[in-house]
Amino acid sequence: MASIKIENVQKAFGKTIAVDQLNLDIKEGEFFTFLGPSGCGKTTTLRMIAGFYYPTKGVVRFGDKDMTRVPPEKRNTGMVFQNYALFPHMTVFENVAFGLRVRKVSSADLKKRVLDVLQKVRLESYSNRQVSQLSGGQQQRVALARALVIEPEILLLDEPLSNLDAKLRDEMRVEILRLQRDYKITTIYVTHDQAEALSMSDRIAVFNYGVCHQVGTPTEIYNRPANDFVASFIGEINLLPVQVEKVQQDNIEIVLKNSEKTIKLKVENQAGNGISIIQSDADLAVSIRPEAIRILDVIEEGRNIFKGKINSVQFFGSVVNVMVDVQDVLLRVDVFNTHDFGYFYQGKEVYVQLPEKQLRLIPVISGDAP
Amino acid sequence: MIKNRDTRLTVWLLIPVVLVLIAYVLYPSLRTFIESLQKDGTISLGNYQDFFVQESKTNLEALWNSVYISLLSVLVSALIGIPLAFIFNRYDFPGRSFFSSAAILPIVLPSLVGVMAFMFLYGESGLIPNAIKDLFGLDKVPFKISGVSGILIVHAYTMYVYFYMTVSAAINKIDPSLEEAAFNLGANKLKVFWKVTFPLLTPAIVAASLLVFMISMASFSAPFLLAGGYRVLSLQIYFSKINGDMEIAATQSVILSIVSISFLLFMRWYQNRKDYRMASKGIGAHRSEVKNPVMKWVMVVTGGIGVIILLLPHFTILLLSLVPDGTWTFQTYPTVFNVENYRLLFEDPNIFKPLRNSLLMAFIATLANLVFGVIASYVLVKRKFVGKSFVDILVMIPWALPATVIGMNLIFAFNKPSVFSFGQILVGTFWILPLAYFIRHIPLVVRSTNAVLEQLDDSIEEAARNLGAKWFYTFRRVIFPIIMPGVLSGTLLAFIESVGEFPTSVLLYTISNRPISIEIMNQLRMFNMGQAAAYGMIQITLIVIVLFISNKFFGIKAEKAL
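Quick mapping for you: the protein sequence lines, in order, are chains U and X. Position 228 of the first sequence, counting from 1, maps to 228 under the working numbering, and the rest follow consecutively. Position 423 of the second sequence, counting from 1, maps to 423 under the working numbering, and the rest follow consecutively.
Excised from the complex, chain X in its bound form:
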């Protein structure tokens, strides 16, 4: 029936989308769940019983530690991010716009590389504590980061950005006349802040808190390098897997997933609530200039110091990358600097191979993300069908699931032949990592594509159809070219994240196919920090290039997609 032509198209587009989601998101999660119910060859809740009532309480302790660290991370990130958002959006002083763009610098640091930088900056043999020790002639380093404090500092550094960005956006959306109205009615500054401004910002603050909590729960790189004996759940999963306790790893994964997914659902619910933000027209930024010269310079100097602190990790990586292997062993500070590491990187095929592997696998994964993301997003945004919210949730699940869990899910799903892997065993082959990267970045690409597609008026597509163009022609010549900038900036971001991806890599890599992050880990183990840093610098450079391209050519703030 011709009547159903459009419906049929929707179905044809929907089938591959749903198949992919079922095969690589839903099915692996179910496999993990089933695995968690296996105990000594029978089906039971025994593993869960062990988790909660085990004598040693290690698992429960790890769960509690994860929650504890996440709560602290939220608190510390909020304490940094919210005031910064206020200062940069409400006051004007020299260098303000430079400082405010510098505030998102932590994004330009892949997680593993960032943690590594912090180790060398503030760790036991770190540059800063030792510099202070020598400067003041102390007997031992005045401070060092490790365990909880280390994880917390790394989290604060990377995660305050989420508070900073969401709260900044909310502040700029507040109509200044609301506050003026309150002043006009006789409220003083403090009262206006607590009774008007702050309540208007609550939704943004809650959203950022939930986000940071989820990311901290999933955090893997920081605990991996800094935790020492401190147990967190994401790391316990990895240890269980290494020890071959697969059923326990599955159980831990399920519990971590439940925590994360309940947060996802809570967040969706919270964001869909009717909120009281008003769409006032033409809200101008309203910043008050700091007039007091002392205050002004205090702010500029503080801002400058802040930028230095933000940039120190990047600088450390750069510095380390210039230290050749074996020249910094017992010395407090490195002494020899040259570009040996970079030369090796491009000349020694063994050292170049991980970079090549990462680029190739990230490229394959990202290409799949692009195709899948565009189709899925088009169907979700522009087509009507029953069960849309189910598909929507499936798309978002990889975002909520900690990377470690995604890695475990893939192990359980594809360590034996299945229909979805065309009867092959994927674990231990080249394809498992690109698949993992693809799954990890489904939500990112779909969401950034959704954002541009929602902006695209339906009448554009209708106009093309009205002029005689068939659907595919319309899609190729009209829709895709229009949404391309937004799609590409999301896709490029997925690409650089795939290049640096650590948690799934460490669970799934094969010796012959090591990605860059695994090689960084290996080099660190061999105390060859120079080579590790050189890999890190390549990643940082890639990220800078991508952000630059997105901003310049697409006019899109790529970091928004995070």
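For reference, chain U alone in the conformation it holds in the complex:
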């Protein structure tokens, strides 16, 4: 087990910069996720930790040891590859035993440890099978067992679930978490799937275009996104470009850009929405999650209440998605299916409330491809 420190790391391939100015501090035993769209630099970072790439600049440390230029075979990390990379000419047992054989573990000990870990991943009865005879989920578990059996300091998982079908994916998600808790091992998990990231991680780093935009717990990332990229990449969100009108003691008055009629909103003057963001040069947007918007039948007392018209209604089972047109601004509103949503229909006039506490001002950085 080890903590990982990534200090000012940059990785360039020729002229393209894949990762830039990266600083991460991953704690011992933490389940840490790199999240981002493809080509965002998350896998490159993982491969620098595994030792398959050496950083162009910066330092990678495990604990206090400088690992920046240590070759992969001397790092004692266990990696699970996207395609599992099982050795096709070996049995399940041989695959798992490989790392132990390299470490010259005595044969009695080796057998015990391999069978132990196979039991942990519930494959003990498959030890003599050829890997090609296994299903996708079983191959995945062999790959996990092979990485875990060497008792690595760090477990690296590179999109391990992306080749599985939806149902197996849920099952393996639980399985991976269980094993990670069992072994209490520092784990880095690379994924582009936000549901995986939110449900599994202790902390998440969100990447785009080689830059890490935000590091935080799943709730921080979801509830307090650092900018419009993080906000829109994770979950659904209403993002509306705004201008600040007036900063008051307890709230900030903003005006929506691009709407013909002026819509004024009041936003809580809280830490994240503080003066620092407003005073920076960045363009601003106001964000609100669809489930935070309230739909009212009749007008009520309160702030940020507007009259609108239902544009469309989509039924998703547990959630009903209602698009509401407020003075030509389309708002996405998610309401729970409480069996009586039937009164939402296209063309119906409703009132919507955007609760002050749920509105957040965030800087707009999109389109900033370096």
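Any given hint could be a false lead.
Unchecked claim - If you want a taste of the chain U side facing chain X, the calculated C-beta under 7 Å gives, among others:
id	residue
1	Ala50
2	Met79
3	His89
4	Glu94
5	Phe98
Unchecked claim - With a straight-line cut-off of 30 Å between C-alpha atoms, the simulated DSSO-like cross-links for lysine-lysine are:
id	chain 1	residue 1	chain 2	residue 2
6	U	Lys15	X	Lys39
7	U	Lys246	U	Lys264
8	U	Lys57	X	Lys470
9	X	Lys384	U	Lys15
These are computed hints drawn from the structure, not numbers from a lab. Note that the coordinates shown come from a computational prediction; the quantities given were computed from them, not determined experimentally. Glycine included, each C-beta is placed from N, C-alpha and C at the ideal position.
Given chain U, work out where chain X should sit, using these hints.
Just chain X now, with coordinates in the frame of chain U:
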């Protein structure tokens, strides 16, 4: 610096590969080129001037004949191979799969042995013309092959396979829904064929044409035995060398090389062009069953006759091998059959020796091919370095160069001591032939290894390194075992080709170290066709065994590597 550990490994692997390529591919070619510039002790273009403006025009004529025969070979092979590919891949009738695997039978015939079979089948005293003569009571044989027609028939027989295989592969890659879409849009069958199917097959047909053209230009065995007075360039090189006109031989070699290498470059360019083949998922073979009973039986009978024609050469060799020496002289047909030739082959040390020589030399050459091929292919496929395409081209050059030219190159390079032969003269020694066989088959082994290595995901190697294995351990325990079947099938193919290799052998052999092909030639000269055929049968048996092993144990179609 540890940082460069991987880079350093690449360099260490690359050094021997590049050294071998420079020493045995590039340097000999350059020696030939330099030799071609020597005229009466001075350096000039005189030899080239002679080649093109010589009074008698023999060289120019030979060049033109080579081109002429090659163009005709392409045409005839295409006319046989393309329709066959269509019939076997688009229609279903009884025996289809048997016929379609029989279609590659010509591969199971070493070139020299094949030509010999054709001589005895269709030549002046051939079995078929004489049988027809006797059957119909004719005065003289109704037809015989010789000269151009002979060469052409042998070429068609062996080379249509290239069209058949490439076009078959292309046909099976066509998504049936493309044609269905065209039908759906109202096109009739003819229109669909010319506007959709045929354009999709063009890349395959062009590739096969270029390949057949190159192979015909290089063809040596067929002209050697059948040409009579007809001159082709590959043969002229041999005659110049025999006559001791080394400078002329060098000039002819350079010109033939230029033609071949420009074809290689053209082919690379053509294949690297972006083509419009689409990777549709799960394309099933779609064959229409032949329903009309008359058509069905016509096809089965034609297929059966085709198989008989394809098998006749093999059968002839078998038959001849059973005719003992001196029992078939003035008779039209052989009369005595026994296994005397085989007995002699294994009991008479003089007759067994060429077989032993060939097997030994082929074994040495193939072992070198295996080691070199695996390292070279690994570096080319899995490592990044500057100048990769240069190394790639060097590897492919022996494939483009006609065997005769490779033989000449080796003579010019190693008829005096050089650094690359450790200060020895190699010509006239045992080692020159294994070296020639090795060079000839570099591309075959590298390419078949490339094919398997490209399939091998990089993450397999990374997984082993991640688990703590050093590079060499990873290579030995993970990479090599995985790629072994593919590597071995390519290597076995190189082995059987080395055993039968004729063109370089005839230029480089020594009396004390005659390979099998030279002995076949000698036996033919002494009209001892029985013994020659027995040697041929040994080769055919070897090839059958190798193809069988590759198919059964490695699940690889070895003929694909050709």
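Consistency of the hints with the structure:
no.	hint	result
1	Ala50	holds (6 Å)
2	Met79	holds (4 Å)
3	His89	holds (5 Å)
4	Glu94	violated (10 Å)
5	Phe98	holds (6 Å)
6	Lys15/U to Lys39/X	violated (52 Å)
7	Lys246/U to Lys264/U	holds (11 Å)
8	Lys57/U to Lys470/X	holds (25 Å)
9	Lys384/X to Lys15/U	holds (17 Å)
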